[in-house]
Each structure stands twice: as structure tokens, then as C-alpha cells.
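**Q** What follows is each chain in one-letter form.
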Amino acid sequence: MHDLGNLTRRRVGAVAVAALMAGAVTMSAFGAQAQEERTIRMGLVTFLSGPAAGHFGIPARNGAELTIDAINNGTLPAPYGDAKGIAGARVEAVVVDEAGGATKQVAELRNLVQRQNVDLVVGYISSGDCLAVPKVADELKILTILADCGTPRVFEEASYEYVFRTGPHAVMDNVSAVRYLLDIKPDAKTIAGINQNYAWGQDSWQDFSASMKVLQPGTEVVTEQFPKIFAGQYGAEISALLVGKPDVVHSSFWGADLEAFILQGVGRGLFSQSQIILSAGEQILSRIGKRLPDGVIIGARGPHGPFAPPSELRDWFEAAYMDRYNSIPNYAAYKFSQALLGVKTAYEKAAAAAGGFPTQEQVIKAFEYHEWVGPSGPVMMTLGNGHQAVQQNAIGLSKWDDAKGRMSVTDVKYYPSDCVNPPADMKGLDWINAGFPGAKCP
Amino acid sequence: MLTLTAILVDGVVYASWLFVVAIGLTLIYGVMNILNIAHGSLYALGAYAAAWAVGEYFAAGYPPFGSFAVLLLAAIAVGLLFGLVIERGVLKWMYGRDEIVIVLVTYAVFLILEDVMKLVWGVESYMPYQPRYLLGNVDIGGLPFVVYDLALVGLAVVVGGAVWFGINRTRPGKLLHAVIFDREIARAMGINVTRVFTVTFVIGAVLGALGGAFTAPLISVVPGIGVEVIVLAFAVVVTGGLGSIEGAAVGALIVGLGRATAVHLLPQVELFVVFGVMTLVLALRPQGLFGRTVVRKI
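Protein chains in written order, with our numbering: chain A, 23 to 464; chain B, 1351 to 1648.
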């Protein structure tokens, strides 16, 4: 089920060895005294209030908190050693609420740098915030790690020196969804979309519909719905989807909007009329219960959660998270943990190269084209001049798991990163429209 | 034909929901001249209380149809409690102040209540879907609809009718009219204006909570739902004319049908329609469709 492929296995091995070496260098280069004295102050930005807090913000904070504690206590499992801290330094998080919009986040970033004196900033879930923050981060010369947001435009329309994104962008989600759809429903020809009316929703639909038109010539778009984010009521949109009778309905909805769409759509028979694709559906699987029917195409914005390939790190993360928060980590939790492990390994790679605690410039250099392992497997910073991550992706069908008493996934397919991500020298949409040149799919 | 049916049904259902949500807002403004931003919080509190109560009710294994009474009781409890607390605890100290100051005070109450909800119910979502599934589905012109959604039309008619009857056909309603026209003269004639204000605010609060309680089975209840609603409710009551019940009904119908038409025929302008209609109406009639022109006192 979890077929990583030879290439990926080699990468896991290489990254694991690199991580162990970095850990060993850290231990020898910095004595116990240095480990106790040095602190890395990290701004951690995530939704603590508002509609995105429950589904994303709090799981993201929990994933980060869990990982920071494990880093500080030296209790991370393999491939990480038992060295405490990051390059000998303890991590101290200053948590900031992401609610309030992009303008507020720009002000909060300035506060973090100029008043809180943080050494770096990790976070950001909203695509709107991820489009607003990088320019200011470069202006303030502060290392900023975008952990979750999905819009591909961040590094496709600009380049930044101090900004990195440790999760893949949304092109991968939608290209994978189309490939999966055509594997299980090769005759699907008519499509419709219901996506939130902002960067994330618009970009997701654009990538999905473009991919369909290339991979399934003759595809017809029946209707494109873009309700306001947090609208909550979709009666008219669902009617429009029912009237159009498309073979496929694509949605990148998340959080409460996604739950409301499922409740309202299932009640009116939409989910039995059309094949539904929820490109970010994993984050509500553990909460939605049997309200979600079996057979819906589900993505997790990477191989996170129930898609995560088996590893000691994944098992530790799932068990520690459940033990501490009494809930199942969703992809937001995975991605924030992934970001922090990226920070740890980049700092330690830079420390190993510098022979001492690294400067910010040395960390930035180490982060470019960096590779490391997160709870969901290998991560490679191959796009955006080494500032944008890619991963393999996984897509599956929703399936109620009687044994676990919760919704899970079945018939999972894995797509190598170079099958569903554009090459470094192309924008995602150009790559799709050009017919996926260079894509290496099994 | 199918599209036309869908536009009509979707438009009327959405308008009914808008009307239930907005009627309390326009009632409070009509009587007290208070633009109550905390109305969004009352809606959200109604939704949270209903979601919690319905969850407990079903967990206890009581008869499913009793959950409709639970929705109603949750709204009344929230409206009574928070209506009294806000009016007696905060607003009564503000009467006589500039309208803008009172708007800011209700905004402060709104922000406080947002955090109160977070403290009480956390940030997790609640999905009290059970009452919605109880009534089953019905086919209209070949399109399936959930009966609960259609029943919102009935709720709007009952609520609107009751408020209209109360204001226009009862003795307390006549007293209310006197207070609306001139509160000083009304006081001189022996009407207890303070009590009229308290009762009006509590009724408005119950109506706001009622909107939230009966919306809860449709949606996922999360922090911030009051923010979205208050913006829409303002658009409806401003379009219809602040303080006018008939205006709220017509405003809700215009917005609901306009939005449904856009969703079915030109989805790209769906967001624009609600506020486009409001802008057009205000450009032609600044007091709204049913609003009264008031001589400004200097």
C-alpha cells in the first residue's frame, strides 16, 4: 500500500544518514554548557481564534509544541539522534494568533522581529497571509518558514532570500487528484467546482480544471462556484451542482466550510450523484464520522495522516500526539512538525559546515535545496530556487473503518514528487498547460 | 425550468434565513435607535447553545423530535440571559450618548462575547445535524431539497407575523409606537420607557439567538460565525430601511433571490450582488426601501 519506490527509499536512507551525521557533529562541536545556554527564539504563527483555529490552528500549534519539546528534550526517534535542542540551542516559541487578516499579520511580523527579537518565524496557514508576509520578511531580513499555506504563487511570482516554504504547494494536490480520478473513473468528462473565493480556492480550481483539460481532452466545465470564505450555507450552490449533473465535483474547501458542505450536500444527494473530490479533505476525517459517505476522493496536501508511510518517526508522532492531546493529528499538525524538523536539520547542517553555531545567512544557505525527513517521509526543497518544498503525494477514497470507529482512507495511490510537481524552471500552471513535460509517473 | 425552480426555492429559503437573522437587529434599531453589532454574537451564542444542547439531548437518548423544542428553548434561554445582561449591565448606562458611541459599545460587547464563547465551547466545531435529517427530503420540480431547509420559510413567516402582530395589533405594540415617535413625550404620558427598552432588547436578543439556533443543524458551528452573519444582516436591514420589519422582509427577499440568481446564472458576481443591491437602493433611496426620512435635530 505504501510503495515509496526505489528513488524515494534511497532518499530516505541518504537523509537519515545526513541527519545522524549532523547530530553527531552537533554533539561534538558544542559542549554541554553551550547546549544549556543558547536559545533560539522562534515566532510561531498559527490560528488560535476564528473559524480556522479548530481544524488547523490548534492542531498546527499542537504539532509544533510536541516537536519543539521533543527537540529540546532530545527525545525524537530515528532518524534523529538524542542530541538536545537545535545545534545545541533550546527552542523557545513565541506564539502569535494568525487571525485578523494579512494586514494584521504584517504588523505582527514586525512586532515579532522588532519587539520580541525572535531569531526566526515559523507558521502561516492562510494563503492570503503567505502572499503578504514574505516581502516584509525580506525587508526585515528575518528567516521565515511558511509551514502550511498552499497557493503556488508565493515563489512562482516572486523570489525571496529569507523565506522558505516547507510544505508543497497546491499544484501537487490537484494534479494528483486528476490522475487518481482518471485511474478510477476514466470516463469522467464533465466537471464542476465549488471553492472558496480567495487565493487558495481560485488557484486550486484553476490547477484542477487545467489538469483535467490536458489529461482528459474534451472535458467540459459545467459550473464554477466561488462562495465567500466562511459563508457556511451552500444551498444555492448545491442546487447549481445538482442541476448541472457533472460527473465530478471538485472542492478545496477546508474546516467548517467543508463540514457544512458535506452535511448539506450529502443531505441533498449530491455525493451520490457525482464523484466528489475533496483535495484537502483529510483534515476533517477524524471528526466528520459517518456523515461523509464512503468513496469520496480525499487528499491531505501531502502524504500526511492516514496516508503517512510507516516509519518510527510517524509512529512516535501519532502516538505522542494522541497521548498528549487525546486526538488524532491531521495534516496541519504533520506540516508544522515537518517545518520544525526542517529548521532543526538546516541549522545543524549549517553548524556542521561552519564548525560552530551558524549565522542566519549560513542557515539560509543550508536550507536552500535542503532535504530532511518529517513524520510523513522525505521533504526536498527543490523548487523556487531551493526555497519551495516538494514531497510525494497520496490520494485515496474515504472509507469508514469499523475497527477504529472512525473515517479513514482506502485504495491509496502514491505519486512521486516529480510526477505531480512542476520542474524547477516552470510555473505550475504553465507546466500543466504544456502537458506536464518531464513528469516521471509510474 | 429546473434552473428557475432552483432559483426561486433557493432564493426564498435563503431570504427566510436572512429575515430570521435580521429581524431582531431591525427591531432594536427601530425602537431604541441602537445599531447592535453584538447581534452577531447573540446569533452565535444561540447556535453554540443549541449545538451543545442538541448533542446532550441525543446523547441522553430522548425522542428525536423533541430536539426541535431543544433548539427553541436554547434560543430563548440565551436571548433572555444575554439580552438582560447586555441591556441592564451595559447599554442602560449609555442611553442619551451619541449613536456612534453606542455602536462602539456594542462592538466591544461583540468582541468580549467572542472570547466568552471560546472560553465556554473552545475552538472545536460542533455539528448538531440530527434535527435536519429528521424531516427527510422532498422533490421539487425534480430537484431534492431537505424539508428542514424549507421549514425555515415557515419559521420566518411565523416570526415575522408574530412581531408584526405584536407591534401593530396589541396594546404593548401601541406603547412601543409611542416610544418610537417620541420617547420624552411617551415618558411624560406615563409609559415606562426603560422597561420598553429592556423588553424590546430582550425580544431582539431572543430573535438573534433563534436565528443561530435554527441555523446550527445546517452548518458547522465554529468561532467567528457571528462576524459573517452581522455583515449580511446589516446589508438586509439597510436595504429594507433600518427599523422597518416590512423592509427587512423585502430586503431579505431581494438579497436572497438576487444571490440565488447569481449563483445559478453568473456565479462570478455572487459576492457582488448582495452589496450591489444595497448600493443601488441606497443611491436611489438613502433611507432604504421602507425607511422613514427623519428630520435631523441639531
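There's no promise every hint is true.
As the list claims (entries may be wrong) - In the DSS-like style, the derived pairs of lysine-lysine whose C-alpha atoms are separated by at most 25 Å in a straight line are: (1) 126(A) x 1468(B); (2) 250(A) x 1468(B); (3) 449(A) x 426(A).
By construction, these hints were calculated from the structure, which means they are not laboratory data.
In this text, all values refer to a predicted model and were calculated from it rather than measured experimentally.
**Q** Now, for every hint given, state plainly whether the structure supports it.
**A** Here's how the hints hold up against the structure:
Our distance criterion of 25 Å between C-alpha atoms is met by residue 126(A) and residue 1468(B), whose separation comes to about 21 Å. This hinted pair checks out: residue 250(A) and residue 1468(B) have alpha carbons roughly 23 Å apart, not beyond 25 Å. Between residue 449(A) and residue 426(A) the CA atoms are separated by roughly 41 Å; this puts the pair beyond 25 Å, and the hint is violated.
This entry does not satisfy hint 3, going by the numbered hints stated previously; all others are met.
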